[in-house]
Amino acid sequence: MTRVLRLLALRGLSAIPTLLIVACGAFLLLEFAAGDAVDAYLAQTGGDAGFAAELRRSLGLGGTFAERLAGFLVSLATIDLGQSVVFARPVASVIAERLPNTLLLMASTTLFAAGFGLGLGMLAGRHPNSFADHGISTAALVLLAIPNFWLGLLLVVGLAVSWPLFPVAGIRSLIGTGGLVGALLDLLHHLVLPTLALGAGYIALYLRTLRAGMVEAWQSDHVRAARARGLSEASVLRRGVVRPALLPSLVVAGQNIGTLVGGSVVVETLFAIPGMGRLAFEAVTGRDTALLVGVVMSATLLVLVINLVVDLAMAWLDPRLGAVDG
Amino acid sequence: MGDSLAARLLGTTAGLAGLLLLLAVAIMAMTAPWLFPADPFDIVARPLLRPFSQIQHPLGTDRLGRDLLAMIAHGTRPSLVTALSVAAVALGIGLATGALAGMFGGLVDELIMRLADALQTVPPFVVALAVVSVLGPSLPGLVAALSLSAWTAPARVVRAEVMRLRSAAFVESSLLLGRNRAIVALQVVLPNAITVALALAAVIVAGALLSEAALSFLGLGDPNRPSWGALIAEGRQVMRTAPHVIIAPGIALFLTVLAVSLVGEGVAKALSRHNN
Chain A
1 MTRVLRLLAL RGLSAIPTLL IVACGAFLLL EFAAGDAVDA YLAQTGGDAG
51 FAAELRRSLG LGGTFAERLA GFLVSLATID LGQSVVFARP VASVIAERLP
101 NTLLLMASTT LFAAGFGLGL GMLAGRHPNS FADHGISTAA LVLLAIPNFW
151 LGLLLVVGLA VSWPLFPVAG IRSLIGTGGL VGALLDLLHH LVLPTLALGA
201 GYIALYLRTL RAGMVEAWQS DHVRAARARG LSEASVLRRG VVRPALLPSL
251 VVAGQNIGTL VGGSVVVETL FAIPGMGRLA FEAVTGRDTA LLVGVVMSAT
301 LLVLVINLVV DLAMAWLDPR LGAVDG
Chain B
1 MGDSLAARLL GTTAGLAGLL LLLAVAIMAM TAPWLFPADP FDIVARPLLR
51 PFSQIQHPLG TDRLGRDLLA MIAHGTRPSL VTALSVAAVA LGIGLATGAL
101 AGMFGGLVDE LIMRLADALQ TVPPFVVALA VVSVLGPSLP GLVAALSLSA
151 WTAPARVVRA EVMRLRSAAF VESSLLLGRN RAIVALQVVL PNAITVALAL
201 AAVIVAGALL SEAALSFLGL GDPNRPSWGA LIAEGRQVMR TAPHVIIAPG
251 IALFLTVLAV SLVGEGVAKA LSRHNN
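Chains as they are written, first to last, in the working numbering: chain A, 1 to 326; chain B, 1 to 276.
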C-alpha cells in the first residue's frame, strides 16, 4: 500500500510544473487573442470607455503583465474559469456539463480499439512472418492512415443515410424510448458510428504493441518452462504470453489519451455530440477565449488524471513498480 | 552510410512501395500548375458530374461545377508544404533542445524536459486549435500550431542518444582537449543522433498531414488555397447524392499519409538491419 501511495505522491508532484507551464501558455493565449472578456461583454450590453475601464479594474484585467498573470493563476487555482461569452454562463459549469459525453466516447473508443487490437495482435503474433501476420500488419498501416473525420463521413453515408442502421448525429434520441434499459440502448446506438470513426486508428496501435509483446513472450524462457511442465497450450497462452504482453498495451492507452481527446474534437463536431471536444471547436468559432482556455486547462487535467489511473493500474498489475526507492 | 541506407530502404517492400507512391504524390504536387493551368476554383462544367463520365473531368465536379481533379491536384502542394515544414521545424527544435538537454544536463535539462512534459500533456490537436485561433490560418500559423507539440518526441530521443554518446570515448577525448561543450555537441554528438531523430520524421509528417486536413475540415485552414480537408467539408452538403465529392479528396489524403507511413516503416526496418 505504501508503494502505491508513494507512486501517487510522486506523480502528483510531477504534475505541478506541467499544470503551471500549461497555465502560463493559456494566459499567453488570452493576452494575444484580439479583445478581452470586457470587450466581449460590452459587445452584448454596450457601454462607454469609462465603464469599460471600471469593469476591467473590477475583473483584475488592468495592471501590469505580472499582475494579470498572478490574477489569472489565482482564479485558476480556485477553479474560477470565468464567464463564457457564447453560453453566457460560467465556463466551469459548461465544461462540467459536457465532460461526461466525452468520457463516454473515450471509454467506448478505448474498449473497442483495445478489444479488436488485442485480438488481432494475438493472431498476428502467434506465427510471426506468416501470411496472417503480414496481412494484419499491413491492415494496421492502412488503419493508421485513414483520416478519422473522413471515415466518420463514409460511415454516415453508408450506415446512417443510405442504409439507416444508426443515427446520423447526437448522443441520445429526443423522444425517450422508455425505461433505463431503453435509454442505455439508445445511448449505445448513438455511440456506434463515432466510436468506429475515432477508434479505427487505435486498433492499429494496440495490435502492434500486443504483436510485438507476444512474439517476444513466445520465445521467452518461462514459456518454454511452462511447456516443459506439461501445461496445456491454452494456459501457456493465457499466463505466459497474454499477461506479460498486456502491460505495454496499458502504456499505449496512457500515452494516447491526449490524441484521443484531440480526435474527439473532430468526431464530436462531426457527429454533433455535445462533449468537451465540440466545446473546443465552439469556443474557437465563437471567439470565446475564456471558454477555450477553460477547455485547454480541463483537457490537460483530464490527461493527467487518466495517466495517474493508468499508473496505478500498472502498479497493481506489476508489483515491481514503485517498489524500490519510488 | 547514406548510400547503403538508401539501398536498404529500397530493398524493403514497404519502403519501395511508399517511395513510389510518394513520388507519384510529389509529381502531382509539382505538375498541378501545368496540368491544370486555370484557377481550380473556376466553374467549368455542370454541377455534380459523376466521376469517369467526361474525359475532360475524370473525377467529376463538385456542387458548383468545379473540376474535382484540378482542385485535388492543386491541394497537394499546400498539404505537403505544411507537413514537411512542420517536420523540419519540429526536428530542428527537437535536435537543438535535445542536444542541449543531453549535453549540459542539470538546470538546462530540467527546464527543457519540463516544457516537453507540459506540451506532451496538453492534447496536441487542442493546442493546434488554440494557436491557429490566435495566429490565424496562414501557413506560418499552421506550421507553428502543429510544431508546438511535435518537437517533443525528437527532443526526447536525441537527448537519450546524446546522453549515451556523452560518455563515449571520442566525445570525452574532445572534451578533455578543452573544447567547448556546445561545439562538441554540435560537431560530434549531433550527427550521430540525427539518424535516430530521422526515424521519427515520417511519424511527424503523417501526423501533420492528418491534423492539417482536420483543421481545414473544421474550417480553420487557409481559405485561399484549395485543401483536401476543406474539399471534404464542402462535400458534406451533397455527400448523400454525390458521395464522390468526399471520397475523391479523402483517397488523395489517405494515399499520401499511407505513402509517408510506408516510407517510415521502411526506414525503421532498414535502420534496424543497418545496426545489426
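Just to be clear, a hint being listed does not mean it is correct.
What the hints assert, rightly or not - Here are some of the chain A residues that sit facing chain B, going by a computed Cβ distance under 8 Å:
(1) ILE21
(2) ILE136
(3) ALA139
(4) LEU141
(5) VAL142
(6) LEU165
(7) ALA280
Please keep in mind that the hints were generated in silico from the structure rather than gathered at the bench.
In this text, all values refer to a predicted model and were calculated from it rather than measured experimentally.
Ideal placement from N, C-alpha and C gives every residue a C-beta, glycine not left out.
Legend entry - Indices of hints not satisfied (ascending): Of the numbered hints, 2, 3, 6 do not hold.
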